[in-house]
Amino acid sequence: MSSQIIVPRPRSIDRSKVSYVRLHSPSIRDVPTPQNLNRGQVNYSDTNEPEPTVLEKNVHSPVTAGTVNFPPFEVTPELEKKSNQRIAQYPDDQKRSAVLPLLHEVQHRFGFISPESIEWVAQKLDIAPIKVVEVVTFYPGFRQKAPGKLHFRVCRTLSCAMGGSYELMAKLCEITGIDRSSSDAHTDPISVSPCGNYSVEYAECLASCGTAPVCLVNDDFHEGVTAEKAPDLIAKYNG
Amino acid sequence: MSDITYLPGKEPHEKEHRLIFKNVDRKGWDTSIKTYLKDDGYEMLKKALGMKPQAVIDEVKTSGLRGRGGAGFPTGIKWGFIPPKNTKPVYLICNADESEPGTFKDRYILHQDPHQLIEGMVISAFAVGAHTAYIYIREEFPEAAITLEKAIAEARKKGFLGKDILGSGFDLEIYVHRGAAAYICGEETGLIESLEGKRPYPRIKPPYFPAAIGLYMAPTIVNNVESLCHVVHILRMGGDEYVKLGTPRNSGTRIVCVSGDVQKPGFFEIQVGKVTFRELLYDMCGGPKDGRKFKAVIPGGSSSKILRCNESFKIGRGDDAKDMTFWDLPLDFDTLAAAGSMAGSGGVIVLDDSRRMSWVLNNITHFYAHESCGQCTPCREGSTWMMKVSDRIEGGQATPDDVKTLEEIAYQIDGKTVCAFGEASAWPVEAMIDKYRDELLGETSEDNNFKTLERQEQEKFLSTVH
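If you read the protein sequences in the order shown, they are chains C and R.
The first sequence lines up with residues 355 to 593 when you count with the numbering used here.
The second sequence lines up with residues 505 to 970 when you count with the numbering used here.
Bound conformation, chain R alone:
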């Protein structure tokens, strides 16, 4: 598609492959339905409505699309989990509660290309048989909520939503539901509780798998914004063609969001597994800031385990195993999992050698202590304890035992909670201690340089007392 031009300075990098972000920062593009229709918009909806719902699901299964929200679960298989003898209404929810630190892909779709999402949602709702769909959008996107509601009204006027869509006999209403700034609402059962008007305490699985018992105890499909947009492109290309993008078991494209200490932070839509960290950070992001060296990378949102830039990994099993340095790791779900981290939601946070690990750790533990919903004791108490211990380490007031205590707390949260928040808060702490233990221990010595002014005064006073 060579006729697409982008705003100056916003052109995609040559290694990018733009599907979802085709219209982001595009010259002459706006959020109106007129612009979207001119660009063959809603054509795939017409195609889908001419197919059987099962055929759409099969197409998505063939494509091998894996959810882009964080867990990487295959979307087509998720859709197949709705009980076959179900008599209750089915709901579709779009998870637009993008709140994983480091991730900012959905922002651009919601603000700049709302019709792509709506088209994807109508097709997905048709496939799973839902007649009501909700977009759960985070409170921090007030502008996007207005844009979406306007887009929904436009689509309804044109007959792409409402009763008897395009004469197919299929009905669908989409509503926008605004959250209220809680990270836990990104967890699908927490999101459902929040949509029901309660505190977003995640439900225990089993039995509350949303596809069987979800919103109002009815089958519910919760998909990320990016995953739903991919459905449009899967129908356009066909599942067989789509699966050729990326690498086996990691098909398609995904948006990688790079932030932190690089020359040119930003978003890049790449084929999954076709770009390595070296290409991403040096070619696409322009390398480290002047006079700095890369130190570590958080590869999939702040919940993923940190990777050292001078690490090497053994990837693969048995005879196929090969040694890879950090720089040669491709960005896909399986390789990053084998390297002990995860691809998560695609938020790459880069740290250079000017960053103290204890400071980073402290910032992250503050985030999780603030966002723990408080339902499970290990997480509610543990996240706050981790915050307090890391406060001490960061302020130069810790003893070497504190590092050990912190690690123990993390391992006592991990795997002992209802939802994945427990792991999300414990993994970064575990990994940072594991990989930067010496650095952290170095800051716990009695003569460290990181003591707060208050502490220095205290020590001065104590020394005069003795």
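Excised from the complex, chain C in its bound form:
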């Protein structure tokens, strides 16, 4: 059909050249009408590539400048071993409980949760992929796009805000050149710097209100980080 638009499969796209389309905020244009029903669909009979899976069609990991920091998802023996240990923590008929631990294992190694990793977790636990997707999309702790090498999570809740965490965030963005204007607490909390080395995100209460303002840099916790201390904090990791 000539009316169909042929777009290349996501895998064959040069990732660095694709601008990010926000796929998790449905707009009125996403409602299927006869006009747009086939919009964006690929005619695979014309290509040599296999048709994408349902997951690949529906779950997206937008490419960011930070994507280059992380290896592509693959099942290593070490990941397999760690995952089996995690699954063994739960009763044999309740393997689904290991969804969160497995996703943590994946995110820890590969930076974010990709559609392939969702597929793998689902297979590993004998559950439908949607049951993994619903978990990934609910929890703020799981991300679907790559952060920078240094991922700052600044606490924005009351005590830290009174201690100056808004100023800290502004300072971090100023130093790293991050533009937070398009971020949204619900749909797209992470902003990555153009160089891909840094990313920032507001976190809700990191439970250290007495030493406000606080932030997490990757897995390291820092307390009493006022805006003036932001340059030192970054220098500490770059030094």
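Certain hints may be false.
[To be verified] DSSO-like mimics (lysine-lysine), calculated; alpha carbons at most 27 Å apart, straight line:
| id | chain 1 | residue 1 | chain 2 | residue 2 |
| --- | --- | --- | --- | --- |
| 1 | R | Lys768 | C | Lys436 |
| 2 | C | Lys449 | R | Lys667 |
| 3 | C | Lys435 | R | Lys667 |
| 4 | R | Lys768 | C | Lys449 |
| 5 | C | Lys435 | R | Lys654 |
| 6 | R | Lys793 | C | Lys436 |
| 7 | R | Lys702 | C | Lys449 |
| 8 | C | Lys436 | R | Lys662 |
| 9 | R | Lys661 | C | Lys583 |
| 10 | R | Lys768 | C | Lys525 |
| 11 | C | Lys503 | C | Lys449 |
| 12 | R | Lys702 | C | Lys435 |
| 13 | R | Lys793 | C | Lys583 |
Simulated from the structure, these hints should not be mistaken for lab results.
We have chain C; now place chain R onto it with these hints.
Using the frame of chain C, we list chain R on its own:
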């Protein structure tokens, strides 16, 4: 225990009574089992294993220990709710998803004294007959998760965990389960759903009282970190001795976390009800910051209702009722409930006169709008509406009607949801409007000084059009 010394600058205040936090910031203390054993660690476990499980439960009931997670429900009574004819496995879950804004007590136990928690958990599991226990730890404590797993491995090596603990025939395995940064996982049924690998939508009660139908539809006991640690000390002191700490119906010690506008914020372990707000904020925290005055206090985590510092309350019923100013209120469960707020999780957030109430309100509504799980419509929609209205008030773009709208939304969430999140998001809004209505209304006038730059530009443009 005079031989305990603390790191310089971290010494406890003289009004403190340290049980749980005995080893926090202690000189020469580390998280290894060797250090803990040197300090009579796991002795109470040996004692408990020599007792009958029911005797341990009775001891905790005698102690009058009330849960330290927020609701203040008696721990011993909770343990007694497991159906007597139960044939399913029983689970024990430690709720280490400390996410109530203003609370930071569990952080120090998990990071600095993991063996105290493990000992408390083994004793509690023995009492309720659980052979599998999980520690649900929040994702934001990656370091603590590693510390705990190391401590569990050490304890297993020494025979305090695993099969046939210390030759008593009792088996227990403890596993660490990391959450993923969702506030709602602190709600016990939400936590259970999350542990089952689902979205943490809280379950409706009844019938899903965890003690009867919990994890994997089996009886489950969910206790806060602090509550489980108290069990060790109850056995050490004996329930009768423990109940003498604190005040009647509010026994024991609890950790109060003070943050916000005070000279010395921090944690203080006090006897429940033995310290008033005046003592806490002036003596222990060093008073307000230079040149400032205290304005308001949120006494039990951001979900509790705010108290004005110049308020006075009628506490007690009938002839016993007496007038008390805010400063004379003791920090216990019942008095704070009578004052219209709650002791909650012990997170005291102090605001001084430099804070705009609309700004505080806005910060809190943003938190709840972000953390609502979206299961119940009043909360999902209401929390977002409250955020939007408070955005307007904070930005100086509201009309006086907006304050009323905000209040109406709050009252439409309160009590109409599956879990207590509805109240948690509505109460602070209701209380702040109730107590600071004039201040909020003052910021809705047409000539207020809080308009955003964007709004000022808009108004300038509109005035030229007309």
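Hint numbers contradicted by this structure: Per hint list: 1, 4, 6, 9 and 11 violated.
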